[in-house]
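Using the sequences and the accompanying hints, generate a full structural model.
Going down the list, the sequences are from chains A and B.
Just so you know, the numbering used here puts 81 at position 81 of the first sequence, and the rest follows in order with no gaps.
Just so you know, the numbering used here puts 101 at position 101 of the second sequence, and the rest follows in order with no gaps.
In short, the hints are calculated from the structure, not lab data.
Small disclaimer: the values here were computed from a predicted structure and weren't measured.
Incorrect hints may appear among the rest.
If you want the footprint, here are the derived chain B segments under chain A, 3+ residues with CB under 8 Å [said to hold, decoys possible]:
{"no.": "1", "segment": "37–48"}
{"no.": "2", "segment": "85–98"}
One-sided and incomplete, this derived list gives chain A residues near chain B with beta-carbon spacing under 8 Å [to be verified]:
{"no.": "3", "residue": "Ser-33"}
{"no.": "4", "residue": "Gln-41"}
{"no.": "5", "residue": "Arg-55"}
{"no.": "6", "residue": "Leu-90"}
{"no.": "7", "residue": "Gly-98"}
{"no.": "8", "residue": "Gly-108"}
List of simulated lysine-lysine pairs, BS3-like, C-alpha gap at most 30 Å [unchecked claim]:
{"no.": "9", "chain 1": "B", "residue 1": "Lys-41", "chain 2": "B", "residue 2": "Lys-102"}
{"no.": "10", "chain 1": "B", "residue 1": "Lys-102", "chain 2": "A", "residue 2": "Lys-13"}
{"no.": "11", "chain 1": "A", "residue 1": "Lys-13", "chain 2": "B", "residue 2": "Lys-41"}
Backbone N, C-alpha and C define an ideal beta-carbon position, used for all residues, glycine too.
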Amino acid sequence: DAGVTQSPTHLIKTRGQQVTLRCSPKSGHDTVSWYQQALGQGPQFIFQYYEEEERQRGNFPDRFSGHQFPNYSSELNVNALLLGDSALYLCASSLGPGSAYEQYFGPGTRLTVT
Amino acid sequence: ELKVEQNPLFLSMQEGKNYTIYCNYSTTSDRLYWYRQDPGKSLESLFVLLSNGAVKQEGRLMASLDTKARLSTLHITAAVHDLSATYFCASQGGSEKLVFGKGTKLTVNP
Numbered sequence: 001d002a003g004v005t006q007s008p009t010h011l012i013k014t015r016g017q018q019v020t021l022r023c024s025p026k027s028g029h030d031t032v033s034w035y036q037q038a039l040g041q042g043p044q045f046i047f048q049y050y051e052e053e054e055r056q057r058g059n060f061p062d063r064f065s066g067h068q069f070p071n072y073s074s075e076l077n078v079n080a081l082l083l084g085d086s087a088l089y090l091c092a093s094s095l096g097p098g099s100a101y102e103q104y105f106g107p108g109t110r111l112t113v114t
Numbered sequence: 001e002l003k004v005e006q007n008p009l010f011l012s013m014q015e016g017k018n019y020t021i022y023c024n025y026s027t028t029s030d031r032l033y034w035y036r037q038d039p040g041k042s043l044e045s046l047f048v049l050l051s052n053g054a055v056k057q058e059g060r061l062m063a064s065l066d067t068k069a070r071l072s073t074l075h076i077t078a079a080v081h082d083l084s085a086t087y088f089c090a091s092q093g094g095s096e097k098l099v100f101g102k103g104t105k106l107t108v109n110p
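If you want it as structure tokens, here you go:
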């Protein structure tokens, strides 16, 4: 049973560019959440997708956007990259939305903005 | 707004010693999680605590939850070097998001 997978593992971008990160949920899971973890900090919630819609959003600007596909996989897009966007981006999947279901984390994508 | 505070943020201990990491949260929580993170890696789930008085143990780690005090503890018994990592607690209080503490960086010295 495959767990949560994310791609790419690492990437390097330049300020002002755009980036797309991808996540495939654990088998049987239909809900995907995204978190940003800056160096030395705890993860911060970006948003959650369920039934192809954004259910809840954390305190992140509109430069951060997402999408969920019919197969439940998800993308995180970040436009106009800033140096401060350098972080580990974690995807988590769960059996459903809300607090009734445990979130399972993927291996993360390390984004470096230069 | 739910806030989670961990202490200490840094912990250096000798092998064989015991210590406790504390996690306080500000509002009602449905679930309390403990994670381990090694440098450059993702989060490894250690414990999920659901109810008042819950206690879970795995090896040298034991976690407990006191919902009335809004406090969870992670107790380390007879520490070994392999436990060196950063430990996070996270609370999920009736919404979609997990709110994490800042983490406790544990170093176990021989």
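Status of the Ser-33/A interface restraint (C-beta, 8 Å, chain B): 7 Å, holds
Satisfaction of hint between Lys-41/B and Lys-13/A, Cα-Cα up to 30 Å: At roughly 20 Å apart (the allowed maximum being 30 Å), Lys-41/B and Lys-13/A satisfy the hint.
Leu-90/A as chain B interface residue, shortest Cβ-Cβ below 8 Å: 6 Å, holds
Verdict on chain A covering the segment 37–48 of chain B, where coverage means 3 or more residues with a C-beta closer than 8 Å: That given contact holds, which follows from 6 residues of the segment 37–48 of chain B lying within Cβ reach (below 8 Å) of chain A.
Pair hint Lys-41/B and Lys-102/B, alpha-carbon separation not exceeding 30 Å: 16 Å, holds
Minimum beta-carbon distance criterion (8 Å), Arg-55/A to chain B: Holds - the Cβ of Arg-55/A comes within 8 Å of chain B, reaching about 6 Å at its closest.
Per-stretch coverage check for the segment 85–98 of chain B, three Cβ contacts closer than 8 Å to chain A: Result for this restraint: holds, n = 9.
Restraint outcome when Gly-108/A is required to lie within 8 Å of chain B by C-beta distance: Holds. Min distance 5 Å.
Residue hint Gln-41/A, partner chain B, criterion CB-CB below 8 Å: For Gln-41/A, the interface hint holds, since the closest Cβ of chain B sits about 6 Å away, which is under 8 Å.
Gly-98/A as chain B interface residue, shortest Cβ-Cβ below 8 Å: Check passed: Cβ of Gly-98/A comes within 6 Å of chain B, closer than 8 Å.
Holds or violated: Lys-102/B to Lys-13/A, with C-alpha atoms at most 30 Å apart: 27 Å, holds
Taken one by one, the earlier hints all hold for this structure without exception.
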